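**Q** Each residue of the first sequence is one higher than the one before, starting from 1012 at the first, in the working numbering.
These are calculated hints, taken from the structure and not from any lab test.
All values reported here derive from a predicted model rather than from experimental measurement.
Cβ atoms here follow ideal geometry from the backbone N, Cα and C, with glycine treated the same way.
Be aware that one or more of the hints could be misleading.
[Unchecked claim] With beta-carbon atoms standing in for the labels, derived distance ranges: (1) R1064 to A1174: 24 to 30 angstroms; (2) E1117 to A1014: 31 to 37 angstroms; (3) P1129 to R1036: 18 to 24 angstroms; (4) G1039 to G1194: 28 to 34 angstroms; (5) G1075 to V1113: 24 to 30 angstroms; (6) D1035 to T1067: 27 to 33 angstroms; (7) E1054 to S1196: 30 to 36 angstroms; (8) E1156 to P1066: 21 to 27 angstroms; (9) H1153 to G1039: 19 to 25 angstroms; (10) P1099 to S1196: 34 to 40 angstroms.
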Amino acid sequence: MEADLLGPVDVVGRALLGCWVVTDRPEGQVAVRLTEVEAYSGEGEDPASHAHRGPTPRAAIMFGPPGRLYVYFSYGVHWCANVVVGPPGRGSAVLLRAGEVVVGEELAASRRPAAKVPRDLARGPARLTQALAIGPGDRDAHLLEASSPVRLHRGTPPAAVSAGPRVGISVATDLPWRFWETGASSVSAFRAGGKARRRPAPPG
DNA sequence: ATGAGGATCGTCT
DNA sequence: GACGATCCTCATT
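The task is simple: from the sequences and hints, build the whole structure.
**A** Structure (structure tokens):
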């Protein structure tokens, strides 16, 4: 699995689709199969990445070894989760944007009272962390270690993958580094620059 | 179905 | 001191 995380960030991002993110908590286990991710490069050509300004205190984790969890606080309200990828020192990461709950749906639903249908349980980066109960306590978690309460492992890859612009950013919007399972119902709504846009649902 | 606005605070300039 | 890799509610079409 670790070798799968070492390629170019967009290639690794695609490869993470279909993988499972599993959390074991006192209340029980929840697993999400990833259906949507975004790649963020640390190599300097990606101004949308939190690693763009180098290893600041927040982004330092991204410059460490692959397979760690980078958790950040968003909009003063939400926590979002990334998998650190690439060789150490590179600063690349893949944002976990959405998935389908495959284990522990009842528990996930109890953590997501606003979700009225199963597809909404982990549809969106902050929703996904809520469903999995990922938060600041999981900063730097070792996703590839069996003893970790937050883990990543292979699953069933999607039959087809679509690509498009990343969501909610205002720079480098030309890079098609958002990847999703073609046709997946749990893929989040497209938004650009933090504002809603009238646009058809993702193709497929 | 779509859009506006608010919540709320860590991080970096 | 400004700005988000967002989500939810409420109002209007």
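**Q** Could you run down the list of hints and mark each one as holding or not?
**A** Verification of the supplied hints:
no.: 1; hint: R1064 to A1174: 24 to 30 angstroms; in the structure: holds, 26 angstroms
no.: 2; hint: E1117 to A1014: 31 to 37 angstroms; in the structure: holds, 35 angstroms
no.: 3; hint: P1129 to R1036: 18 to 24 angstroms; in the structure: holds, 20 angstroms
no.: 4; hint: G1039 to G1194: 28 to 34 angstroms; in the structure: holds, 30 angstroms
no.: 5; hint: G1075 to V1113: 24 to 30 angstroms; in the structure: holds, 29 angstroms
no.: 6; hint: D1035 to T1067: 27 to 33 angstroms; in the structure: holds, 31 angstroms
no.: 7; hint: E1054 to S1196: 30 to 36 angstroms; in the structure: holds, 34 angstroms
no.: 8; hint: E1156 to P1066: 21 to 27 angstroms; in the structure: holds, 23 angstroms
no.: 9; hint: H1153 to G1039: 19 to 25 angstroms; in the structure: holds, 21 angstroms
no.: 10; hint: P1099 to S1196: 34 to 40 angstroms; in the structure: holds, 37 angstroms
Checked against the numbered hints above, the structure breaks none of them.
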